[in-house]
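Undergrad: Sequence:
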Amino acid sequence: MTAPKQVCTGKVVLVGDGACGKTCLLEVFKRNKFPEDYIPTVVDNFVKEVQIDDSRIVSLTVWDTAGQEAYDSVRPMSYTMTDLLLLCYSIESIDMLPNITEKWIPEIKNFCPSTSFFIVGLKKDIRNSQDYLIDYEKVVPYEIGEAIARENEASKFFECSAKTGENVSEIFKQAALFILENKKKQTSRRISRCLCC
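Just so you know, we're using full-length UniProt numbering here: the sequence shown kicks off at 1 and counts up by one.
For the record, the hints were derived by calculation from the structure and aren't laboratory data.
Quick caveat, the model's predicted, so the values are computed rather than measured.
All C-beta atoms, glycine included, are put in the ideal place defined by N, C-alpha and C.
Wrong hints could be hidden among the right ones.
Derived CB-CB ranges, DEER-like [claimed, not checked]:
1. E36 <-> E151: 18 to 28 Å
2. R56 <-> Q130: 37 to 47 Å
3. Q6 <-> Q130: 42 to 52 Å
4. N128 <-> S55: 21 to 31 Å
5. Q6 <-> E143: 14 to 24 Å
6. K173 <-> E146: 30 to 40 Å
7. E166 <-> F46: 32 to 42 Å
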């Protein structure tokens, strides 16, 4: 007889500059298909189950947000009851890195002060591309992304490629596992507080 499956729910919100690749990442996670056309997102969400192991499943509600400045007043509405944030950037241009520390981290610390976040470098496939339009001197080295994540106390750091699918599933599996473990800790703290009464 197989053990019953343990199902947990969690909310993940993606933030980052407009056109950095958030929507493509989510389309590959949701449909396993890379979208060829760029369609800007204001706010979108969906639910997908992530299997951690034979007995544990996390039902993730995933929110995609607009990174453009015009939506700065709308985006915070998606932060309510968030379990984990994925702060995304494109490795395509080092010029965009200051937005992580000057815009996105202050925003998430303001609206979600106790919510953990991962930093995710998108478009990793660019490093191996032969595209003559890419300025390879501006591509963000892995070590710099990793250092920014460490300096800003991100819970994890990843790079991925929606185009090739590299690390897409792993990011969401790690997000699901992170949420599951956090919810277990919260439950344990509540139980221990009750036992002390």
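Undergrad: Evaluate each hint against the coordinates.
TA: Each hint, compared with the structure:
1. E36 <-> E151: 18 to 28 Å: Given about 36 Å between the Cβ atoms, the range is violated.
2. R56 <-> Q130: 37 to 47 Å: Since the Cβ atoms of R56 and Q130 sit about 42 Å apart, the hinted range of 37 to 47 Å holds.
3. Q6 <-> Q130: 42 to 52 Å: 46 Å, holds
4. N128 <-> S55: 21 to 31 Å: Violated, at about 38 Å.
5. Q6 <-> E143: 14 to 24 Å: Violated, since Q6 and E143 (Cβ atoms, about 38 Å apart) do not stay within the stated range.
6. K173 <-> E146: 30 to 40 Å: Hint violated: Cβ distance 20 Å, outside 30 to 40 Å.
7. E166 <-> F46: 32 to 42 Å: 22 Å, violated
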